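J.: Produce the entire structure from the sequences given, and follow the hints as far as they go.
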Amino acid sequence: MTVSACLTTSSRLLHRLLWEARAAHVVWRRELLHSVRNPARLLIALAQPVVYLLVLGTGFAAMLPIHGGYLTYLFPGVLMMAVQTPAIAIGASIAVDREAGFLRETLVAPVHRVSLLAGRCAGGSTVATFQGVLVLGLAGPAHIPYAPKLMIELVAEMALLAFAMTAFVTLLAVVIAPAPTFHAILGFTLTPMTFLSGALFPMGGLPGWLTALMVANPLTYVVDLLRRTIAPYLVPQEPTAGHSPILMELTVTAAVGLLSLLLAALRLARPR
Amino acid sequence: MRPGTIHTRSLRKSYQGMRAVCGISLNVEAGEMFGFLGPNGAGKSTTISMLCTLLRPSGGRALVAGIDVRDDPKEVRRRIGLVFQEPTVDTDLTVREYLAFHATLYGLGKHDARRRVAEAADLVGLTGLGDSLVRTLSDSMRRLLEIARGLLHEPGVLFLDEPTVGLNPQARAEIWEHLRELRHRRAITVFLTTHYLEEAEYCDHIAMVDRGRVVADDSPAALKRLIGTDRIHLRTGDDQAAAATLSDYLGLASAWGPDGLYVQVTDAATAIPWVCTVLRVPVHSIEVRRPSLDEVFLRYTGRTLDGAARSGVSP
Ligand SMILES: Nc1ncnc2c1ncn2[C@@H]1O[C@H](COP(=O)(O)OP(=O)(O)O)[C@@H](O)[C@H]1O
Ligand SMILES: [Mg+2]
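Protein chains in written order, with this note's numbering: chain A, 1 to 272; chain B, 273 to 587.
Since the hints were made in silico from the structure, they are not lab data. Incorrect hints may appear among the rest.
To be verified - Derived DMTMM-like pairs: lysine to aspartate or glutamate, alpha-carbon spacing no greater than 25 Å straight-line:
{"no.": "1", "chain 1": "B", "residue 1": "Lys346", "chain 2": "A", "residue 2": "Asp97"}
{"no.": "2", "chain 1": "B", "residue 1": "Lys346", "chain 2": "B", "residue 2": "Asp403"}
{"no.": "3", "chain 1": "B", "residue 1": "Lys346", "chain 2": "A", "residue 2": "Glu99"}
{"no.": "4", "chain 1": "B", "residue 1": "Lys496", "chain 2": "B", "residue 2": "Glu304"}
{"no.": "5", "chain 1": "B", "residue 1": "Lys346", "chain 2": "A", "residue 2": "Glu20"}
Please read all numbers here as calculations on a predicted model, not as lab measurements.
T.: So this is what it looks like as C-alpha cells:
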C-alpha cells in the first residue's frame, strides 16, 4: 500500500512538474513570438551597440592610445550593450505587464510564479543572446579572431549575463511598484552605469568617489569578465592578471540571476 | 440561508486605511447571472479581486465554489474564469496562439487544448479567426476573446469585470448576445459588474453597491416592485369621464393633469385590457411607466447611478 501511495505521489509530482515546465515553455515561446513580430524593436536594440562601435571606435581611437587598439578595447563593452538592451527591455516590461498585461491574466492561472518568471527570463535571455551573437559577428573588424573556442565561450557567457540581467531587472521592476517610477529610475541610472563600467574607456586615475562607484557597479564586472575571456586570444598578448576570477564571476552572476528570479516570484506570489 | 456558489460575509478591504469595501455580504446561487451594479469607485473591482484571490481581504469571509479564498486560493483559481476590467489581450499573438497559451497554463495537454480552444472560440463566435492577429480584431472581438480565454478550463464560475465598458452600444449588444448564448449552452454561474442600468436588467439577481456597501440585493423585478407600482398614462377624449369610469368599474384611483390621466396599478400588463374594455370614451394613447432600477438606486442612496443630481431625474 505504501509503495502504491508513494508511486501515486511521485506520479502526481511528475505531472505537476511537467505542467510547470510546459507553462514556462509557452511563456518563453510567447516572448520569442513578440520579438519576431516586432522586428523594429530588434533593429533598434541592435543599432545602439553598432553605433557605439562605429562612432566611438573610429572617433576616439586617436584620442585614447590604448595598447592593442581602441576598437579591440571597446568590443567587450559593445557586446555587453548588445545583451543589456533587450535584457533590460524585457525585464522591465514586467512592470507594465503586471498592471495591465498578460501577467495579470497569468497570475490567476494555477501555475507557479517561478515557472512564469523563469519562462520570461529565458525568453529575454534568448532574444538578448541572439542580439549578442549578431554583434559578435563584428569581432573581425575589431581585430578579435573568430576562434571557435572563444566564440563558444563568449556566447555562453552572454547567455548567462543576459539571464542574470533579465532576472535582476525583473526583480527591480516587481519591487519598485508603479511602472513610471521604475522606468524613471532605470532611465537615469543606466547611462552613468554604462560609463562607469570601464566599457568605453579605462578607469584608471579616477577620483576616489568615482572609483568607489565603479567598484560598486555590477556592469564593471560584466565588462571585465568579457574582456578577460577575450584577452588570451589577442595577437599582441595582453598582460593578464595573475589570478583568474572568471569562474568566480560566473558563479556570482548565475547566483544573482537565480536569486533574483526566486525573490521576484516570492514578491509576486504575495497578494497585495 | 444555504451558501450558494459565491458566498461572502462582511467582506472588507482597506487600501492604506482608505475603506474601499466595507462589509459586503452576498449569496449567489449556482447557475445565476449575477450583476454587481454600482457607480465608479463603488468597490466592484476590489470585491472581484478578493473573490478571485488576487487581493487579500482585510476582514470577513468569502467562499467561491464552496472554497474559502484565504484557505486554498489555488483551488479557487482552478474553478474560476476571470476577465479584467482593463483589456489584457496579447496583441502580438494570433487568436489561436493566445488561447493555446492560456490552455497550457491551465495544464491542458496538446490534444485537449486544441479541442477546448476551438470550443471556446466557437462559444463566443470567433470561429474562423484563429489565425488572425489579435491586433487586427475589433474592441468587442477582443473582449469576446478574453471571455473565451476565461472559459478554456471550463470553470464553474465566470467573473467579468465591466465586460462592456468603453464599447459602443452595438458592440455591447453583441457581447450580451454571446453571454446569453453561453448561458444556454453551459451550466455556469456568471458574476459580472457593470455601471449600466440596462445591463443589470438582463441579470437574474443583482446587488446594488455604493461606497463599498450593498444597498439593495434581489432580482431586478423584485427590486422594482419594492419601489412601487406601474403607472399607466392615458390620453382620452374625455379624461374626467374616463377617471369616473375607472373608479366605478375597476376601483382604480387616477390623477389627471394637463397631459392626461395617470393610473396606479400593480401590474400594467394585466390592467390594460381591463382598462380598454371598460372605457366608453375614445382612447388616444396608452403609455406604461415602470419603476426603473435607477429609481431604486436613487431611493437607497439619494443619488442616481451616474451621480447626477436628484432634480435631473423624472419623478
Ligand atoms: N490599488 C489601490 N490603491 C488604493 N486605492 C484603491 C486601489 N484600487 C482601488 N482603490 C480605491 O478603492 C475604491 C474602489 O475602487 P474599485 O474597486 O476599483 O471600484 P469600481 O470597480 O467599483 O469602480 C475607489 O475609491 C478607488 O479609488
Ligand atoms: Mg472597476
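J.: Are the Cα atoms of Lys346/B and Glu99/A separated by 25 Å or less?
T.: Cα-Cα ~21 Å, so holds.
J.: Does the alpha-carbon distance linking Lys346/B and Glu20/A stay inside the 25 Å limit?
T.: 14 Å, holds
J.: Given the proposed pairing of Lys346/B with Asp403/B, does the C-alpha separation stay at or below 25 Å?
T.: 32 Å, violated
J.: Does Glu304/B sit within 25 Å of Lys496/B, going by the straight-line distance between their CA atoms?
T.: 19 Å, holds
J.: Take a quick look at whether Lys346/B and Asp97/A sit within 25 Å of each other, Cα to Cα.
T.: Holds: Lys346/B and Asp97/A sit about 21 Å apart, inside 25 Å.
Violated hint for the displayed structure: number 2, the only one.
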